[in-house]
Amino acid sequence: DTEVTQTPKHLVMGMTNKKSLKCEQHMGHRAMYWYKQKAKKPPELMFVYSYEKLSINESVPSRFSPECPNSSLLNLHLHALQPEDSALYLCASSQDRGVNTIYFGEGSWLTVV
Amino acid sequence: AQRVTQPEKLLSVFKGAPVELKCNYSYSGSPELFWYVQYSRQRLQLLLRHISRESIKGFTADLNKGETSFHLKKPFAQEEDSAMYYCAFPGNYGQNFVFGPGTRLSVLP
Chain A
199 DTEVTQTPKH
209 LVMGMTNKKS
219 LKCEQHMGHR
229 AMYWYKQKAK
239 KPPELMFVYS
249 YEKLSINESV
259 PSRFSPECPN
269 SSLLNLHLHA
279 LQPEDSALYL
289 CASSQDRGVN
299 TIYFGEGSWL
309 TVV
Chain B
64 AQRVTQPEKL
74 LSVFKGAPVE
84 LKCNYSYSGS
94 PELFWYVQYS
104 RQRLQLLLRH
114 ISRESIKGFT
124 ADLNKGETSF
134 HLKKPFAQEE
144 DSAMYYCAFP
154 GNYGQNFVFG
164 PGTRLSVLP
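Protein sequences, first through last, are from chains A and B. Letter by letter, the first sequence follows residues 199 to 311 of the numbering used here. Letter by letter, the second sequence follows residues 64 to 172 of the numbering used here.
No lab work stands behind these hints, which were simulated from the structure alone. As the structure is a computational prediction, the values presented were derived from the model and not from experiment. Every residue gets a Cβ at the ideal spot worked out from N, C-alpha and C, and that includes glycine. Treat the hints with caution; some may be incorrect.
To be verified - Okay, derived cross-link-like pairs now, EDC-like style, lysine to aspartate or glutamate, Cα gap no bigger than 20 Å in a straight line: (1) A:220 - A:250; (2) A:238 - B:71; (3) B:72 - A:250; (4) A:239 - A:222; (5) A:236 - B:71; (6) A:238 - B:144; (7) B:85 - B:117; (8) A:239 - B:71; (9) A:207 - A:282.
Claimed, not checked - Just so you have them, the derived chain A footprint on chain B, three or more residues with Cβ under 8 Å: (10) 130-137; (11) 159-172.
Let the hints inform the model, and build the full structure from the sequences given.
Here's what the structure looks like:
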C-alpha cells in the first residue's frame with residue numbers, strides 16, 4: 199500500500215461548525231504533514247508530526263488543531279473557520295530520516311460558508 | 064533566503080515539440096532539488112529528484128550549479144504531460160518541502 203488516504207474529499211462547513219479532516223497511511227512512515235493549497239498556488243506547510251509528536255507548526259491559527267492518534271493516522275480539527283480558509287488541504291507522509299520523498303493524499307476540498 | 068523560482072506561470076507547446084520548464088534556485092550549501100507534478104484531479108506526486116538522476120516519463124533534469132538552475136526537460140511532449148509542475152527543495156526543518164510557484168504545462172494537439 200503506497201497511498202495516503204484522505205477523508206472527506208469535499209467538506210462544506212459554516213463558520214460556527216466543528217469538523218475534522220482525516221488522513222491515513224500504511225507505509226510505515228513516521229513523519230506526517232498537513233499542507234494547505236489555495237487555487238493556482240503551491241502547497242504551503244501547516245504542520246509536521248514526527249514520531250507522533252508535533253515538530254513543526256508554521257504559525258497556523260489555533261482554529262486549526264492537528265492530532266496524531268497513532269503512527270498511521272493524522273487528523274485536522276477545524277473550528278470557527280473563516281471563508282478565507284477555504285482551500286485544498288493536503289496530507290502527506292514520509293520516512294522520518296532526513297530528506298525523503300513525500301507522498302501526498304488527494305486532498306480534502308474545504309469550503310467555509 | 065533559500066527559495067526556488069519558476070519564471071513561467073503557463074507554458075504551451077505542441078505535441079511532439081521539446082519542452083523545458085525552468086527552475087532557478089537560491090540556496091546555500093549543496094542543493095537537493097525535486098520536481099513534483101500535479102495532474103488534473105490527481106494527487107501531487109514526485110516526478111524526479113536530482114540526486115537519483117533518473118528519467119521518469121521521459122523527463123530529465125540536470126542540476127547546473129553555475130547557473131543555479133534545475134530545469135525540467137523532455138524532448139517530445141505528449142498531451143498527457145499537461146499538468147502543473149512544481150520545483151521543490153527541503154525546507155529549513157529538513158523534513159518539509161518548499162514548493163516554487165509552479166508552471167502549468169499545456170500540450171496542444
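Each hint tested on the structure:
With a CA separation close to 15 Å, the supplied pair residue 220 of chain A and residue 250 of chain A stays within the 20 Å bound. With a C-alpha separation of about 13 Å, the suggested pair residue 238 of chain A and residue 71 of chain B falls inside the 20 Å cut-off, and the hint holds. Restraint check: the Cα-Cα separation between residue 72 of chain B and residue 250 of chain A comes to about 37 Å, which exceeds 20 Å; the hinted pair is violated. Distance restraint check for residue 239 of chain A and residue 222 of chain A: the Cα-Cα separation of roughly 25 Å exceeds the 20 Å cut-off, and the hinted pair is therefore not satisfied.
Between residue 236 of chain A and residue 71 of chain B the alpha-carbon distance is near 19 Å, which keeps this suggested pair within the 20 Å criterion. Note on residue 238 of chain A and residue 144 of chain B: the hinted pairing holds, with a Cα-Cα distance of about 18 Å set against a maximum of 20 Å. Only pairs whose Cα atoms come within 20 Å are accepted, and residue 85 of chain B paired with residue 117 of chain B is accepted, the gap being roughly 18 Å. Taking the CA atoms of residue 239 of chain A and residue 71 of chain B, the gap is about 13 Å. The hint holds against a cut of 20 Å.
Among the hinted pairs, residue 207 of chain A with residue 282 of chain A is consistent with the structure: their alpha-carbon atoms are about 19 Å apart, no more than 20 Å. Chain A is given as covering the segment 130-137 of chain B, and this is violated because 0 residues of the stretch bring a CB closer than 8 Å to a CB of that chain, at least three being needed. Coverage of a stretch by a chain is defined here by at least three residues with a beta carbon nearer than 8 Å to that chain's beta carbons; for the segment 159-172 of chain B and chain A the count is 7, and the condition holds.
Checked against the numbered hints above, the structure breaks hints 3, 4 and 10 and satisfies the rest.
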